[in-house]
Amino acid sequence: MSVRNPVLTVTSAAAITALLAIPALAHHGWSWTADGFFELEGVITEIYLGNPHATLAVDVEGTSWRVELAPPSATMRAGFTEESAKVGNEVTAIGNRSREETEPRMKAVRLIVNGKTYDVYPNRVPPS
Amino acid sequence: MQEALAALEQLAPVQALKVSFYVYPLVNALHIAAIGALWTSIALMDLRLLGAFSSLPESASLAIFRRIALVAMAVAAASGLALFAVRAGHYAEMTIFLVKMGLIVLAGLNLLIFDRLAKRPRSRRALALSAIASLVLWMAVLICGRFIGFL
Chain A
1 MSVRNPVLTV TSAAAITALL AIPALAHHGW SWTADGFFEL EGVITEIYLG
51 NPHATLAVDV EGTSWRVELA PPSATMRAGF TEESAKVGNE VTAIGNRSRE
101 ETEPRMKAVR LIVNGKTYDV YPNRVPPS
Chain B
1 MQEALAALEQ LAPVQALKVS FYVYPLVNAL HIAAIGALWT SIALMDLRLL
51 GAFSSLPESA SLAIFRRIAL VAMAVAAASG LALFAVRAGH YAEMTIFLVK
101 MGLIVLAGLN LLIFDRLAKR PRSRRALALS AIASLVLWMA VLICGRFIGF
151 L
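Heads up: the protein sequence lines correspond to chains A and B, in order.
Residue 25 in the numbering used here sits at position 25 of the first sequence, with consecutive numbering throughout.
Residue 69 in the numbering used here sits at position 69 of the second sequence, with consecutive numbering throughout.
Hint data in this document are derived by calculation from the structure and do not stem from the laboratory.
By construction, the Cβ of each residue, glycine as well, lies at the ideal position given by its N, Cα and C atoms.
Be aware that a few hints might be false.
To be verified - Ranges between beta-carbon positions, derived for each pair:
hint: 1; chain 1: B; residue 1: GLY149; chain 2: A; residue 2: GLU83; range: 44 to 52 Å
hint: 2; chain 1: A; residue 1: LYS86; chain 2: B; residue 2: PRO13; range: 23 to 31 Å
hint: 3; chain 1: A; residue 1: VAL43; chain 2: B; residue 2: ILE64; range: 53 to 61 Å
hint: 4; chain 1: A; residue 1: ALA34; chain 2: B; residue 2: GLY102; range: 29 to 37 Å
hint: 5; chain 1: A; residue 1: ALA74; chain 2: B; residue 2: PRO57; range: 47 to 55 Å
hint: 6; chain 1: B; residue 1: VAL23; chain 2: A; residue 2: PHE37; range: 29 to 37 Å
hint: 7; chain 1: B; residue 1: ALA33; chain 2: A; residue 2: LYS86; range: 15 to 23 Å
Claimed, not checked - Partial pick of chain B residues on the chain A-facing surface, computed with a CB cut under 8 Å:
hint: 8; residue: TYR24
hint: 9; residue: ARG116
hint: 10; residue: ALA118
hint: 11; residue: MET139
Construct the complete structure from the given sequences, taking the supplied hints into account.
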């Protein structure tokens, strides 16, 4: 066996693995979300307000949904801070859900908690 | 362990990094730059050992690639620790993160084995296997790292 063959084998294996990994990159931005607005109502079980993404975990009849918000600075600029919501609060999240219908994940443009509305993506909210 | 990770998350600079607009992406960019340098220097080292770039003198080029790789590893580890600290408890529970750390340990062991082998005469084939293992392990580390952000 020449030593060149392993180089080729490894290089092609690496290239194929890299290609397989590309669909996973779709979770940035909006390409992984479906068109049309989606509304989710549930109870907040976890709040994370920080980099790289602010997220909420929301319990909807026993299913834990992941609600992604804007990056933390933009989310806070929309008025949503550590004080805005607590675990146990009811939340309505409006935005776009994952294209994969079995995946309980959405990206919110608007949150309604404790009677207040926070537009975390003000230029993407539904027309009123 | 969970307490130590929670304490790490509460450190003032970590809290600042958690909500920063500029610093977090810059640390992220530094991490990626370090990974690029690390991966490239290691791949060049491994490919040189496997017979590629034969116009380069072997021991001199390997010494330079190794120096770059070690500096890049230090930068990647430091920036990686900062990114990890922001959400330490969460990342420490992610299988993919633990797999990545495990693969880095394996790659480190591979390096130790390589250095042992290099001292022995006529271990060319074993060295080539170690180089292939290095390429595969570091590619896997890279892929695991990318998945952390998307799970």
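* **Which numbered hints fail** => 1, 7, 9 and 10
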